[in-house]
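Q: Protein sequences, first through last, are from chains A and B. Mapping of the first sequence onto this note's numbering: position 63 corresponds to residue 63, and the numbering continues sequentially without gaps. Mapping of the second sequence onto this note's numbering: position 42 corresponds to residue 533, and the numbering continues sequentially without gaps.
Since the hints were made in silico from the structure, they are not lab data. Please note: incorrect hints may appear among the correct ones.
To be verified - Derived DSSO-like pairs (lysine-lysine); straight-line CA-CA distance at most 27 angstroms: (1) A/K201 with B/K495; (2) B/K496 with A/K303; (3) B/K514 with A/K451; (4) A/K216 with B/K506; (5) A/K216 with B/K570; (6) B/K647 with A/K201; (7) B/K618 with A/K198; (8) B/K517 with B/K506; (9) B/K618 with A/K201; (10) A/K285 with A/K303; (11) B/K618 with A/K216; (12) B/K495 with A/K216; (13) B/K579 with A/K216; (14) B/K496 with A/K216; (15) B/K506 with A/K451; (16) B/K618 with A/K196.
What the hints assert, rightly or not - Covered stretches of chain B, going by a simulated chain A footprint (3 or more residues, C-beta under 8 angstroms): (17) 515–527; (18) 530–541; (19) 565–571; (20) 582–596; (21) 618–631; (22) 639–648; (23) 663–673.
Owing to the predicted nature of the structure, the values given are computational and were not obtained by experimental measurement. Note that beta-carbon positions come from the ideal geometry of N, C-alpha and C, so glycine has one too.
Each chain, written out:
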Amino acid sequence: MSATKYESQLREPLVNGNKTYGQVTQDIVHTIEAKPTRLWYIGFYISVALLMFGAYSVYREVTYGIGQWNVNRTIGWGWDITNFVWWVGIGHAGTLISAILLLFRQGWRTGVNRAAEAMTIFAVMCAGQFPIFHMGRVWLAFFTLPYPNTRGPLWPNFNSPLLWDVFAISTYFTVSLLFWYSGLLPDLATVRDRAKTKIRKHLYGVASFGWSGSTKHWQRHESLSLVLAGLSTPLVLSVHTIVSFDFATSVVPGWHTTIFPPYFVAGAIFSGFAMVQTLMLILRKVMGLHDYITLGHIEAMNKVIVLTGSIVGCAYLTELFMAWYSQVPFEQDIFFKYRIAGPYGWSYWLMMTCNVVSPQLFWFTKLRRNVLFTFIMSIVVNIGMWFERFVIIVSSLYRDYLPSSWSIYYRPTIWEVGFYLGTFGLFFTCFFLFSKYFPVIAIAEIKYVLKGTGESFKNEMEGLESKQLDAFVEEMHHGHHEEGTVKIAHH
Amino acid sequence: MALKKFVVGCFEDEKVLFPAVAKVRKAGYKFHDIYTPFPVHGLDSAMGLRETSIHTAGFLYGLVGTTTAVTFMTWVFTKDWPVNIGGKPNFALPAWIPITFELTVLCAAVGMVLTFCYICQLAPFVKKHTFHARATDDLFVMVIECGEKTNEDELKALLTSVGAQEVNTQIAEEGWWIGRYDQEQSLYKEPNIA
Chain A
1 MSATKYESQL REPLVNGNKT YGQVTQDIVH TIEAKPTRLW YIGFYISVAL LMFGAYSVYR
61 EVTYGIGQWN VNRTIGWGWD ITNFVWWVGI GHAGTLISAI LLLFRQGWRT GVNRAAEAMT
121 IFAVMCAGQF PIFHMGRVWL AFFTLPYPNT RGPLWPNFNS PLLWDVFAIS TYFTVSLLFW
181 YSGLLPDLAT VRDRAKTKIR KHLYGVASFG WSGSTKHWQR HESLSLVLAG LSTPLVLSVH
241 TIVSFDFATS VVPGWHTTIF PPYFVAGAIF SGFAMVQTLM LILRKVMGLH DYITLGHIEA
301 MNKVIVLTGS IVGCAYLTEL FMAWYSQVPF EQDIFFKYRI AGPYGWSYWL MMTCNVVSPQ
361 LFWFTKLRRN VLFTFIMSIV VNIGMWFERF VIIVSSLYRD YLPSSWSIYY RPTIWEVGFY
421 LGTFGLFFTC FFLFSKYFPV IAIAEIKYVL KGTGESFKNE MEGLESKQLD AFVEEMHHGH
481 HEEGTVKIAH H
Chain B
492 MALKKFVVGC FEDEKVLFPA VAKVRKAGYK FHDIYTPFPV HGLDSAMGLR ETSIHTAGFL
552 YGLVGTTTAV TFMTWVFTKD WPVNIGGKPN FALPAWIPIT FELTVLCAAV GMVLTFCYIC
612 QLAPFVKKHT FHARATDDLF VMVIECGEKT NEDELKALLT SVGAQEVNTQ IAEEGWWIGR
672 YDQEQSLYKE PNIA
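When you get a sec, could you build the whole thing from the sequences and use the hints?
A: This is the structure we're talking about:
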C-alpha cells in the first residue's frame with residue numbers, strides 16, 4: 001500500500017531516525033512523565049517573576065490611571081498599542097502553520113504546528129491586555145460588547161475599526177483555542193493511557209474528554225480539522241487586516257494608506273515565524289527533539305522569513321515612493337523629515353536593518369541551515385518588527401497637522417515597560433507550563449506522516465529503486481503466496 | 492446501557508490491518524469499532540462507514556452567524572437607534588463586512604466543535620471502556636461485538652489467521668458513562684452475560 005504512495009526522493013525525511021509508532025509516543029510523552037529539568041525551573045521562575053512585575057505595573061495603572069504611563073494627548077498610543085500589534089502579529093504564524101500549510105498539504109508543518117498554535121493562543125492573550133488596559137477605566141471594558149443595557153440601549157459603533165478589532169481578536173482567540181484543543185484531544189488520550197500514577201490518569205482522563213480513537217471519530221476529527229483550517233485561513237488574514245484598519249481608516253499621515261492590510265499581514269507572518277524559530281530552537285535543544293524538528297523544518301521556516309521579509313521591505317519602499325509621488329506635503333514631511341530623519345530617525349533605520357537587510361542573508365543555504373545563526377536572526381527580526389510598530393505609531397503621531405500639539409520626545413515610564421515585560425512573563429509562563437504538561441508535538445499527526453516520509457520509509461524506497469524489477473515482482477509474488485498458505489493452514 | 496461481550500484483535504501494522512478488515516467483513520462479522528492511534532486513511536470506507544456530514548453542519552452554523560450579524564446591525568442602525576455620522580447612510584453594509592465575517596467564522600467554528608463533541612460523545616468526565624491501552628499508542632485494535640449466534644472461538648481463530656498479534660474476549664459497557672479513568676470499571680456487580 002505504502003509503495004504506491006508517491007513521495008519525492010529529493011525531499012529529506014520529516015522524521016529522522018528509524019522510528020516506530022511506539023518510539024514516537026515515547027519520545028514526545030516522556031517529557032511530560034519525567035521531572036522537569038533545572039533549566040525548566042529557572043526559566044519558569046524568571047517568567048513568573050516577570051509576570052508579577054507586570055501585574056504590579058498594571059495594578060498601578062488601574063489604581064492611579066493612565067497617567068502612570070507617558071502617553072499624552074499627542075502620542076496617545078505609545079508603547080501600549082505598539083505592543084498590542086506586535087503580539088497579535090506574532091500570533092499569526094501559529095495559525096499560518098496549522099491552517100494555511102494544512103490546506104497547502106505541507107507535510108513539514110506536523111513537527112511544529114502544536115507548539116506554534118500554543119504560541120498563537122498565548123500571544124493573543126498577551127495582545128488582548130493592551131487595548132483593554134489602555135481603556136483606562138478597565139472595569140467598564142464590557143461596554144464594547146453589544147448587549148442590551150440601561151443606557152438606551154446604547155449600542156457600540158459597528159462602523160468603527162476599533163470595534164471590529166474587538167470582534168476580530170476575540171473570534172481569533174476562540175477559534176484558535178478550539179482548533180488547538182480539538183487537535184490535542186487524541187494526544188492527551190495517549191498520555192492518559194500511558195499514565196502510571198492515578199492523579200495523572202484522572203487529570204488527563206478529564207482533559208482528553210474520553211477520546212478513544214474510534215475510526216468514526218477520527219473521520220469526523222479529520223473533517224473538523226480541515227474545516228477549521230479553512231475557516232482560520234481567511235480569519236488570520238482578516239485579523240491583521242482589521243488591526244491595520246485601526247490605522248488605515250484614520251486621516252493621520254503615514255497611516256492613511258491602502259497598502260496597510262497586506263503589508264501588516266506579511267509583517268505579522270514575518271515576526272510570527274521568527275518567534276516560532278526562537279521557541280522551537282529552545283524546545284528542540286532542551287527537550288531533545290532533534291529528530292522531529294529537523295534542519296529541514298528550520299530551513300523551511302527560514303524560507304518563509306526571507307519571503308515575508310522581502311514583502312515587508314517592498315512595502316517600506318512603496319510607502320516612501322507613494323509619499324513622494326502623492327505630492328501631499330503632510331505625507332512627505334512625515335516620511336522624509338520625521339521618520340527617516342528627526343529625533344526618531346534611529347528607530348526607522350533600526351527597523352530597516354533588522355527587517356529588510358538582515359533577512360536577506362537567508363538566501364544562503366548554509367545560513368538557513370545554521371541553528372545558531374537562525375536563533376540570533378529570529379531575535380533580530382522580532383526587535384525589528386517591534387520597532388516597525390513603534391515607528392508607525394510614534395513617528396506619525398508626534399508631528400501631526402497641528403504644530404501647537406507637537407510632542408518633543410516620548411519615552412515610556414517604568415510601568416509602561418513593566419506592563420510589556422509582564423506580558424513576556426505571561427507568555428513564557430504559559431509556554432513553560434504547556435511544554436511540561438502537554439505534548440509539544442502533535443503525536444498522532446507525526447505517526448500519520450511517519451510511514452510516508454520518515455527516514456525508514458525513505459530507505460525502503462531507495463532499496464526499491466536499486467532492485468531489479470524481476471526480483472521485485474518475484475518478492476511481491478512470493479509474499480502473497482506465503483500469506484495465502486497461512487490462511488489455508490488456519491482454516 | 493448494558494454490558495456486552497466483545498472479541499478484540501490487536502494489529503501492529505496497518506498493512507496487515509487492511510486485508511484483515513476485508514476478510515472479517517467478508518466472513519459476515521460486524522465491527523463494533525476499530526481504534527487507531529492516528530487517522531488511517533481509507534479505513535472508514537474499508538469498514539463500510541459512510542462519509543461524515545459534519546462540514547454541512549459547519550456551513551449551516553456559518554449561515555446563522557452571517558444572518559445574525561447583518562440583521563442585528565441593520566436593526567440597530569436603521570430602527571433602534573439611527574445615528575447621523577457625518578451624513579453617511581445608516582445602512583452601511585460595506586462597513587459591516589468585518590463584523591459579519593468574524594461572526595460567521597465564530598459561529599461556524601464553535602458550532603462545529605460542539606457538534607463534534609456531541610456526536611462523538613466527548614466531554615470532560617466522560618468515560619469509555621479502553622479495549623487496549625496501546626490503542627492510542629501503537630496498536631490498531633479491532634473490536635467485534637458478540638451476538639447470540641457468534642461462535643467466539645471461530646472468530647478468535649479468524650482474527651489470529653488474518654494477522655492479529657493479540658486476541659482476547661472482553662465484557663464491557665458499549666456506550667459511555669460518567670466515570671474516572673483512574674478507577675476500574677464497576678458498573679454492575681454481576682454482569683448479566685449469558
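Q: Hint by hint, say whether it matches the structure.
A: Going down the list of hints, with the structure as the test:
1. A/K201 with B/K495: holds (25 angstroms)
2. B/K496 with A/K303: Since the Cα atoms of B/K496 and A/K303 sit roughly 55 angstroms apart, the hinted pair is violated (cutoff 27 angstroms).
3. B/K514 with A/K451: holds (24 angstroms)
4. A/K216 with B/K506: Measuring from Cα to Cα gives roughly 20 angstroms; hence the hint holds.
5. A/K216 with B/K570: Not satisfied, since the Cα-Cα distance of roughly 48 angstroms exceeds 27 angstroms.
6. B/K647 with A/K201: violated (31 angstroms)
7. B/K618 with A/K198: Holds, at roughly 15 angstroms.
8. B/K517 with B/K506: Given that 27 angstroms is the threshold and the Cα spacing comes to 18 angstroms, the pair holds.
9. B/K618 with A/K201: holds (12 angstroms)
10. A/K285 with A/K303: holds (21 angstroms)
11. B/K618 with A/K216: Roughly 17 angstroms between the alpha carbons, so the hint for B/K618 and A/K216 holds.
12. B/K495 with A/K216: Distance ~20 angstroms between B/K495 and A/K216 Cα, so the pair holds.
13. B/K579 with A/K216: Status violated; Cα separation ~53 angstroms.
14. B/K496 with A/K216: Given that 27 angstroms is the threshold and the Cα spacing comes to 21 angstroms, the pair holds.
15. B/K506 with A/K451: Roughly 11 angstroms between the alpha carbons, so the hint for B/K506 and A/K451 holds.
16. B/K618 with A/K196: Since the Cα atoms of B/K618 and A/K196 sit roughly 18 angstroms apart, the hinted pair holds (cutoff 27 angstroms).
17. 515–527: holds (count 4)
18. 530–541: holds (count 6)
19. 565–571: holds (count 3)
20. 582–596: holds (count 9)
21. 618–631: Three-residue rule met by the segment 618–631 of chain B, so holds; n is 9.
22. 639–648: violated (count 1)
23. 663–673: Since three or more residues must qualify, the claim that chain A covers the segment 663–673 of chain B holds, with 4 doing so at under 8 angstroms.
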